[in-house]
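In the numbering used here, the protein residues as written are 1 to 130.
In short, the hints are calculated from the structure, not lab data. Since the structure is predicted, the reported quantities are computational estimates derived from the model, not experimental observations. Check each hint, because a few of them may be wrong.
Only pairs whose alpha carbons sit at most 20 angstroms apart, straight line, appear in this in silico EDC-like list of lysine to aspartate or glutamate [unchecked claim]: (1) K11 / E129; (2) K11 / E29; (3) K58 / E36; (4) K31 / E63; (5) K58 / E24; (6) K6 / E53; (7) K58 / E26; (8) K57 / E36; (9) K31 / D69; (10) K19 / D69.
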Amino acid sequence: INFVQKFPGQKFVINHFAKPNVKENELSEWKVLIHELATSPNVFCKLSGLFTEAHWKKWSAGEFYPYLDVVFESFGANRLMYGSDWPVILLSGMYVQWKSLLEKYMEHFAKEEIHKVFGENARHFYGLEN
Numbered sequence: 001i002n003f004v005q006k007f008p009g010q011k012f013v014i015n016h017f018a019k020p021n022v023k024e025n026e027l028s029e030w031k032v033l034i035h036e037l038a039t040s041p042n043v044f045c046k047l048s049g050l051f052t053e054a055h056w057k058k059w060s061a062g063e064f065y066p067y068l069d070v071v072f073e074s075f076g077a078n079r080l081m082y083g084s085d086w087p088v089i090l091l092s093g094m095y096v097q098w099k100s101l102l103e104k105y106m107e108h109f110a111k112e113e114i115h116k117v118f119g120e121n122a123r124h125f126y127g128l129e130n
């Protein structure tokens, strides 16, 4: 947290939600750190890697929603990027399962927010503008 605050002109991306302990349903300490990281506008978060933090192939979609709630509340749709976590995701699920879970979670979001999370934010972050 101190590091990203020392370099406000440098963009940072947190991969895999910063790897919360989904398996043990540990949320509170991770949530505090995510909220604190998100106070720096130069920090983005990649939505990937949760399946391997849960009970492999024994997870349910609902156990990921509290973690999604935290990152959406903390970063907003403007600083979140979809990530497939391929090929590592294959240890605990399928690419299409993660994408479908996130699409279901976001089904009531504005189309613009969905578009940002599933592409525009990454394009902007990595400088891949058209």
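Here is how each hint holds up against the structure:
no.	hint	result
1	K11 / E129	16 angstroms, holds
2	K11 / E29	24 angstroms, violated
3	K58 / E36	31 angstroms, violated
4	K31 / E63	15 angstroms, holds
5	K58 / E24	13 angstroms, holds
6	K6 / E53	30 angstroms, violated
7	K58 / E26	17 angstroms, holds
8	K57 / E36	31 angstroms, violated
9	K31 / D69	10 angstroms, holds
10	K19 / D69	15 angstroms, holds
Hint compliance for this structure: hints 2, 3, 6 and 8 are broken, all remaining hints hold.
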